[in-house]
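Next come the chains, spelled out residue by residue.
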Amino acid sequence: MRKFLIISIPIVTIAIFILIMLSGDFLKRPLGKADNIPESIQLIVNDIESEKWDAADEKTTQLEKTWVKIVRRVQFSSERDEINALSVNIARLHGAIWAKDKSGSLEELCEAYEHWDELGN
Amino acid sequence: MNEGLVVFVRSIIGFFSLLIFAKILGKQQISQLTFFDYILGITIGSIGASLTTDLSSRSWPHWIGLFTWALLGYLTEYITMKWRYAAKLLEGEPTIVIMNGKIMEAALKKMKYRVSEIMELLRNKEVFDLVQVDFAIIEPNGEISILLKPEYQPLTAKDMHIQKASEGISTELIYDGILIEENLRQLNKDKAWIIDQLKQQGINDISEVFLATLNPAGSLYLDMYKDHMKKITDIGDYKGPY
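Chains as they are written, first to last, in the working numbering: chain A, 1 to 121; chain B, 1 to 242.
Don't read these hints as lab results, they were simulated from the structure. It cannot be assumed that every hint is accurate.
Restraint ranges, calculated between C-beta atoms of paired labels, are given here [stated by the list, open to error]:
no., chain 1, residue 1, chain 2, residue 2, range
1, B, G142, A, N84, 28 to 36 Å
2, A, A85, B, L89, 45 to 53 Å
3, A, L106, B, G4, 33 to 41 Å
To give an idea of the chain B side of the interface with chain A (calculated C-beta under 10 Å), a few residues [claimed, not checked]:
no., residue
4, S56
5, S59
6, W63
7, T80
Idealized CB from N, CA, C, for every residue including glycine.
With the rest of the complex left out, here is chain A (with noise of 0.2 Å):
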């Protein structure tokens, strides 16, 4: 029995590790209905094409949120740059939707699903 769990702790102990550094990829797809990113990004996408700046605006306050839970999830297997990074673009959307600037706001979109892409990878 000692021999067994001289063996196997370690086996064990590695394995975990192994799935907590890989974990990224998994666990920012959407667990339950609110946490769904790339949804989210293509739904502002939608409503600033459409000119919809105050619909757009609330989505982003909710795509923050969205990705405050997020990030407790991917923080121990994501690079800190990716997440710094999809940070600031959520926060220059932001500044891009109050100024009603269309292709600064598509920009940031296109830069922050790349960045969501790359969490974990």
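Assemble chain B onto chain A, guided by the hints.
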């Protein structure tokens, strides 16, 4: 991102991964370091540190680097154990630098050692006179091994034709106030015996003993927590505020 928490989790991953890999690599890494083993240890440690604190990249690539270096170190060890030629090539061979009292200048030149460095190594082994040295060998880990001439070697019991009984290895019977029953059994003793021995020394309970060791020859060493030393020698030369 909670950077402190992430560093904490990555530290745990790095620490225990390094611990497991070091155990697998074995004791050779610690006690018989060649120059390359030393560099391997430093590199693995450096990768472990990056895994912990370099938040600008994911922990996974650092862990893979750590694993790969540890695996290559293990494979190198395995190959050198199975294939003697590889061992000579990778780890080097011991080199005789003094033979029959004569300095091997060609060997020194090949190893890029100066005579002053050999003298320094000899002095580190408390040999100040080359006249005393019969053989000196530089090991692959850089240490020097010395065989003194017979007339300069310390006297042994065999030289005096004295028979000495083997004393065996001391085994711990009590450590930190706790009795180690398995070791008692190995020495064919029991709890009643050790309690009797302690009573003979005026000790009433096992928990009063910090350390007790016994060797097969019957030599029992006891150290209590309360040593009752009235005057402890102070070897410091500064009285200080505390």
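Going down the list of hints, with the structure as the test:
Range check, G142 of chain B to N84 of chain A: Cβ separation about 47 Å, and the 28 to 36 Å hint is violated. As the Cβ distance of A85 of chain A to L89 of chain B is approximately 49 Å, the hint placing it in 45 to 53 Å holds. Look at L106 of chain A against G4 of chain B: about 36 Å separates their beta carbons, and that is inside 33 to 41 Å. Because the closest C-beta pair between S56 of chain B and chain A is about 6 Å apart, less than 10 Å, the hint holds.
Given hint, S59 of chain B at the interface with chain A, holds; its Cβ is 5 Å from that chain's nearest Cβ, closer than 10 Å. For W63 of chain B, the interface hint holds, since its Cβ comes within 10 Å of a Cβ in chain A; the closest pair sits about 6 Å apart. At its closest, the beta carbon of T80 of chain B sits 24 Å from a beta carbon of chain A; the interface hint therefore is violated under the 10 Å criterion.
Figure legend: structure checked against the earlier numbered hints; hints not met, in rising order: 1, 7.
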